[in-house]
Amino acid sequence: SQQGEEDPQALSIQEGENATMNCSYKTSINNLQWYRQNSGRGLVHLILIRSNEREKHSGRLRVTLDTSKKSSSLLITASRAADTASYFCATARGPNNDMRFGAGTRLTVKP
Amino acid sequence: DTGVSQDPRHKITKRGQNVTFRCDPISEHNRLYWYRQTLGQGPEFLTYFQNEAQLEKSRLLSDRFSAERPKGSFSTLEIQRTEQGDSAMYLCASSLPPGIAPNNEQFFGPGTRLTVL
Numbered sequence: 483s484q485q486g487e488e489d490p491q492a493l494s495i496q497e498g499e500n501a502t503m504n505c506s507y508k509t510s511i512n513n514l515q516w517y518r519q520n521s522g523r524g525l526v527h528l529i530l531i532r533s534n535e536r537e538k539h540s541g542r543l544r545v546t547l548d549t550s551k552k553s554s555s556l557l558i559t560a561s562r563a564a565d566t567a568s569y570f571c572a573t574a575r576g577p578n579n580d581m582r583f584g585a586g587t588r589l590t591v592k593p
Numbered sequence: 005d006t007g008v009s010q011d012p013r014h015k016i017t018k019r020g021q022n023v024t025f026r027c028d029p030i031s032e033h034n035r036l037y038w039y040r041q042t043l044g045q046g047p048e049f050l051t052y053f054q055n056e057a058q059l060e061k062s063r064l065l066s067d068r069f070s071a072e073r074p075k076g077s078f079s080t081l082e083i084q085r086t087e088q089g090d091s092a093m094y095l096c097a098s099s100l101p102p103g104i105a106p107n108n109e110q111f112f113g114p115g116t117r118l119t120v121l
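Sequence order for the protein chains is A and B. Using this note's numbering, you'd call the opening residue of the first sequence number 483 and step up by one each time. Using this note's numbering, you'd call the opening residue of the second sequence number 5 and step up by one each time.
One or more hints might be untrue.
As the list claims (entries may be wrong) - One-sided and incomplete, this derived list gives chain B residues near chain A with beta-carbon spacing under 7 Å:
#	residue
1	Gln45
2	Gly46
3	Pro47
4	Asn108
5	Glu109
6	Phe112
7	Gly113
8	Pro114
9	Gly115
To be clear, the hints were calculated from the coordinates, so they are not data collected in a lab. Beta carbons: idealized from backbone N, C-alpha and C, even for Gly.
Produce the complete structure using the sequences and hints provided.
Laid out in structure tokens, this is it:
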């Protein structure tokens, strides 16, 4: 069964704008990861945030984690048309870091 | 090694036929995962291997599904007596051992898209 829920399901913005996607989950986690998937392709790992971290940056990506609210957000700044893709959060839990994915946010960046 | 590879990339079959997919993980990765993804959804966990041992299977993996990793390298996923509801993208991923990659970052292959007519 899927663990996370992304919000919104779909997001359409203009190039240069910022895109924010949210993820909520239900159980305790070890870490939370964000992946990107271009249409019909495999997933690419973007960034990981551990349960004891609150914020992390990687290039134009900023991820926050609020374990009290069981939620995370992914911010993509200065978006580009090439950022158009589906974005998934995945939670890792348990002794084996079992990962479960949400349903994703489909981001469209218009040039 | 260029990453996780999967074969075939596309498979069209008739209902009732058997199909087999192959996944070749990154060579030093001892963990291998299978996921199923339907349109508009995230990947759903099916099963995973540590070396040749199959350690966990999802309830989604009915008795028509079987996965193997006989030598701890490549893996196969077989679906017997396919049904239209099996149509999906089947994704394979691999990761380093927990002692080296404690956060379990998984590297995904391009997937095999199955269409059951």
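Subject >> Gly113/B as an interface hint toward chain A, with CB separation required under 7 Å >> reply: holds, 5 Å
Original post:
Given Gln45/B was flagged as interface, is its beta-carbon under 7 Å from a beta-carbon of chain A?
Top reply: holds, 5 Å
Original post:
Close enough to count: is the Cβ of Gly115/B nearer than 7 Å to one in chain A?
Top reply: At about 5 Å, which falls below the 7 Å cut-off, the nearest Cβ of chain A leaves the hint on Gly115/B intact, so it holds.
Original post:
With 7 Å as the cut and Cβ atoms as the points, is Pro114/B at the interface with chain A?
Top reply: Holds, because the Cβ-Cβ distance from Pro114/B to chain A comes to roughly 5 Å (cut-off 7 Å).
Subject >> Given hint Pro47/B near chain A, where the shortest CB pair must fall under 7 Å >> reply: This hint holds: Pro47/B lies near chain A, its Cβ roughly 5 Å from the closest one there, short of 7 Å.
Subject >> Gly46/B as an interface hint toward chain A, with CB separation required under 7 Å >> reply: With a closest approach of 4 Å, the Gly46/B hint holds.
Subject >> Per-residue hint verdict: Asn108/B, partner chain A, C-beta under 7 Å >> reply: Nearest chain A Cβ about 4 Å off; hint holds.
Original post:
For the hint on Phe112/B, does the least C-beta distance to chain A fall short of 7 Å?
Top reply: holds, 4 Å
**OP:** Have a go at the Glu109/B hint: is there a Cβ in chain A nearer than 7 Å to its own Cβ?
**Re:** Since the shortest Cβ distance to chain A is 6 Å, the answer is holds.
Against the hints set out earlier in the document, no violation occurs for any number.
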